[in-house]
Amino acid sequence: MSQVLFLMGLYGFGVYFSLLFTRQLAVLLIGISGFLWGALFWVLGGMTLLMLQLPYTSTSMAILFIILVIGISLLHFKNKTWQISRREMIYLITMALVFLVVLILASQYNLSIASTDSIIYIVTGRRIPYEGFSQSVMVELADRGGFLPLLQSASVFLGDDYIFAAQPAFGLSLAGIYFYLTQRILGHLLNDKRLALSLSILSGLVLFSTYFVVFQTFYIHTNIICAVYLFLSVCGFWLASVEEKDSWVIVGMISLLGFSLARLESPVFALPFLVLLISWGKIPYRILLVSILPYLTYLIIWYLYLSRGVGDVDLTLDQPRTLAVIGVLAACIILVLFSKVNWIKRWVLPHLPMIMLGVLVLVVAIMFIQKPEHMYTSMKVILKNVLESGRWGITWVVFSFLVFISLFWPGSLREAYFFYGISSFLLLLLAISYFRVPYRVGWGDSANRMLTHILPILILYGLINLPQGISGWGIHEKSMTTKV
Amino acid sequence: MIESQSRTRFRIIVVMVSLIMGGNLLFNLFSFSSINQADLWNLRRLPSNELIDLYKASSAPLRTEWIYPVIEDFYDGSTLYIPADMMDSLDLSVELLRTRGRLVEVIPLESGMELSERDIEYLLSMDNDVISTKNGKVYHFIEMVDEAAGSVLLIEHEIQFFFIPADFLPDLEGGL
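So the protein lines, in turn, are chains A and B. Here numbering that gives the first Met the number 0 is used: position 177 in the first sequence is 176, and no number is missing along the way. Here numbering that gives the first Met the number 0 is used: position 41 in the second sequence is 40, and no number is missing along the way.
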């Protein structure tokens with residue numbers, strides 16, 4: 000029961016925080032996404048305390064959250080964002096009740112699935128309150144990322160063996176966010192709310208009836224966490240451009256931070272979307288600075304800390320690779336800072352997505368030349384898993400087919416943002432196999448699991464493309480629609 | 000006229016896409032249970048919310064450092080008596096047994112207790128939790144009947160290691 004209360008507490012905190020955006024974001028989204036913000040604040044809070052070498056205990060975390068609540072309350076009073084209508088209050092209470100029921104069910108019917116990785120996440124998490132960021136803990140975090148161990152570490156404070164209801168909570172958040180954002184985005188493009196809603200429900204049912212998606216809702220790992228944060232940030236960025244609301248950029252960036260902390264290689268996968276956001280040139284410079292710079296700075300600090308804490312241990316994230324990630328993040332800071340310069344704005348930014356994709360294609364081609372067998376094995380394995388062994392059923396085949404034919408439809412207007420984002424993600428997925436052993440056949444392969452991160456975005460892209468491309472109408476003039 | 004044609008094409012394509020997705024949905028629903036029977040890692044309800052049941056369901060070979068949370072689970076606040084040579088052979092640490100295993104005290108013994116065949120039979124017949132390690136060692140965790148007793152003894156028998164609460168010792172015929 001303590002776990003249910005804890006996770007409800009995180010949910011409540013997340014809702015209270017995101018109500019700061021109530022003037023620009025729908026209360027429905029705030030109600031759906033509450034847990035994501037609460038969980039992220041827990042992780043960020045714990046990480047920050049430990050990096051500052053402050054005690055990481057239930058008391059210190061409680062004090063931290065009290066301070067945060069006071070700070071948020073002051074902002075609420077200043078901006079008068081605490082004023083919500085009765086109808087909105089009913090929405091919030093209903094969603095909180097749904098969330099509560101799911102948590103209770105998840106603790107009564109524990110369907111958790113664990114592999115060796117899951118146990119390592121749990122055990123590492125349980126070590127954190129006792130040892131802090133000791134060198135051996137850092138080794139695990141530098142091998143697997145910090146998000147899940149920090150979240151699992153709460154089990155020590157709660158007197159539970161592990162946090163078993165968090166994965167279903169992330170799964171529920173993904174389902175809610177998928178339904179809401181898909182119908183909102185399609186609503187913009189189709190000018191037909193009912194059709195948008197129907198397509199959103201139908202595609203959502205396909206996504207959440209896919210065995211591997213359901214499986215990962217109970218599998219103690221990072222993939223469903225990555226999927227929900229990435230989906231929210233990618234859709235948030237798109238909506239920021241269409242609706243011209245700054246809150247979408249901020250929500251998208253916070254969400255991208257959740258994605259980036261969940262897995263070690265995530266910042267590399269986040270960067271293409273960040274580059275696309277900057278290259279539009281539609282987001283006000285001030286908003287870019289206040290949202291992207293803290294994100295990049297926090298990640299650089301975290302990776303520097305990881306690198307210093309690990310030392311010379313042979314890991315996935317060794318010193319040169321850490322420095323490479325930090326270098327790319329720092330380059331992104333420079334890009335943001337100089338994105339206001341006229342000639343960059345005029346000559347560089349519009350071509351940046353194409354340059355990025357071109358460079359990635361070139362890099363992957365060089366990798367194929369250097370290690371042909373290695374790379375072919377990885378590529379074949381990804382395809383075999385998608386088609387047969389990855390427990391996806393026919394979902395990947397169906398939506399890849401839909402996206403593929405839409406790209407060749409005459410007169411099709413394609414959302415460049417999604418096209419470049421998805422293509423870069425898939426190329427990077429292949430590229431990272433160069434630095435490790437080739438991918439392996441089976442559901443547990445990391446590339447197969449990481450496909451979960453991009454699947455909801457691919458499905459949305461398929462839905463956006465088809466009706467829009469064939470009908471040629473309904474495209475919102477403010478969207479970033481360009482010919483690819 | 001052109002708009003009407005466009006509208007019709009649009010409707011046809013939406014119906015087609017919906018039918019394709021409907022087919023995908025039906026396939027997912029019908030194939031769900033067969034995929035779920037594929038191998039070890041399936042959706043099934045765990046017997047409890049305890050870590051040891053997750054260990055068993057994971058079928059992951061236990062690593063030494065994973066044993067501490069289980070010791071905490073079974074013997075939180077107890078005193079562990081352990082033969083000194085076993086500390087090294089099992090790669091256990093007194094410090095970690097105290098901090099992560101939440102034991103009050105760890106007392107090294109000069110020699111361990113011998114278990115007779117009848118003792119082994121008796122211990123194996125009990126409802127104890129068993130986990131095996133990567134290197135083939137098997138740990139048996141026997142639940143404390145009287146938690147106030149607060150002492151546990153670790154006894155080795157070939158590749159099997161028994162955590163035996165003190166209140167069970169009189170029932171055993173082997174000796175120290």
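It is worth saying that the hints were derived from the structure and are not from the lab. As the structure is a computational prediction, the values presented were derived from the model and not from experiment. There may be inaccurate statements among the hints.
[What the hints assert, rightly or not] Using 16 Å as the maximum straight-line C-alpha spacing, the simulated EDC-like pairs for lysine to aspartate or glutamate come out as follows: (1) 136(B) / 72(B); (2) 281(A) / 243(A); (3) 55(B) / 116(A); (4) 136(B) / 166(B); (5) 133(B) / 243(A); (6) 55(B) / 128(B).
[Stated by the list, open to error] Beta-carbon label-pair distances, calculated as ranges: (7) 396(A) / 10(B): 42 to 50 Å; (8) 142(B) / 367(A): 35 to 43 Å; (9) 63(B) / 284(A): 49 to 57 Å; (10) 43(B) / 57(A): 28 to 36 Å; (11) 94(B) / 347(A): 35 to 43 Å; (12) 108(A) / 62(B): 47 to 55 Å; (13) 47(B) / 4(A): 49 to 57 Å; (14) 62(B) / 344(A): 20 to 28 Å.
Every residue gets a Cβ at the ideal spot worked out from N, C-alpha and C, and that includes glycine.
Right, here's what the structure says about each hint:
1. For the suggested pair residue 136(B) and residue 72(B), the alpha carbons sit about 20 Å apart, so the restraint of at most 16 Å is broken.
2. A hinted pair counts as satisfied when its Cα atoms are at most 16 Å apart, and residue 281(A) with residue 243(A) qualifies at roughly 9 Å.
3. Using a Cα cut-off of 16 Å, the hinted pair residue 55(B) and residue 116(A) holds, with the two alpha carbons roughly 14 Å apart.
4. Distance check on the hinted pair: residue 136(B) and residue 166(B) sit about 25 Å apart at the alpha-carbon level, beyond 16 Å; violated.
5. A hinted pair counts as satisfied when its Cα atoms are at most 16 Å apart, and residue 133(B) with residue 243(A) does not qualify at roughly 56 Å.
6. Distance restraint check for residue 55(B) and residue 128(B): the Cα-Cα separation of roughly 10 Å lies within the 16 Å cut-off, and the hinted pair is therefore satisfied.
7. With their beta carbons about 25 Å apart, residue 396(A) and residue 10(B) fall outside the hinted range of 42 to 50 Å.
8. The given range of 35 to 43 Å is broken by residue 142(B) and residue 367(A), whose C-beta atoms sit roughly 57 Å from each other.
9. About 54 Å separates the C-beta atoms of residue 63(B) and residue 284(A), a value consistent with the hinted range of 49 to 57 Å.
10. In this structure, residue 43(B) and residue 57(A) meet the distance hint of 28 to 36 Å, their C-beta atoms being roughly 33 Å apart.
11. Restraint check, residue 94(B) to residue 347(A): a C-beta distance of roughly 56 Å breaks the suggested window 35 to 43 Å.
12. At about 29 Å, the beta-carbon gap between residue 108(A) and residue 62(B) misses the expected band of 47 to 55 Å.
13. Taking the beta carbon of each, residue 47(B) and residue 4(A) are about 19 Å apart, not inside 49 to 57 Å as hinted.
14. Distance hint check for residue 62(B) and residue 344(A): the Cβ-Cβ separation is about 54 Å, which falls outside the suggested range of 20 to 28 Å.
Hints 1, 4, 5, 7, 8, 11, 12, 13 and 14, counting from the list given before, are not met by this structure.
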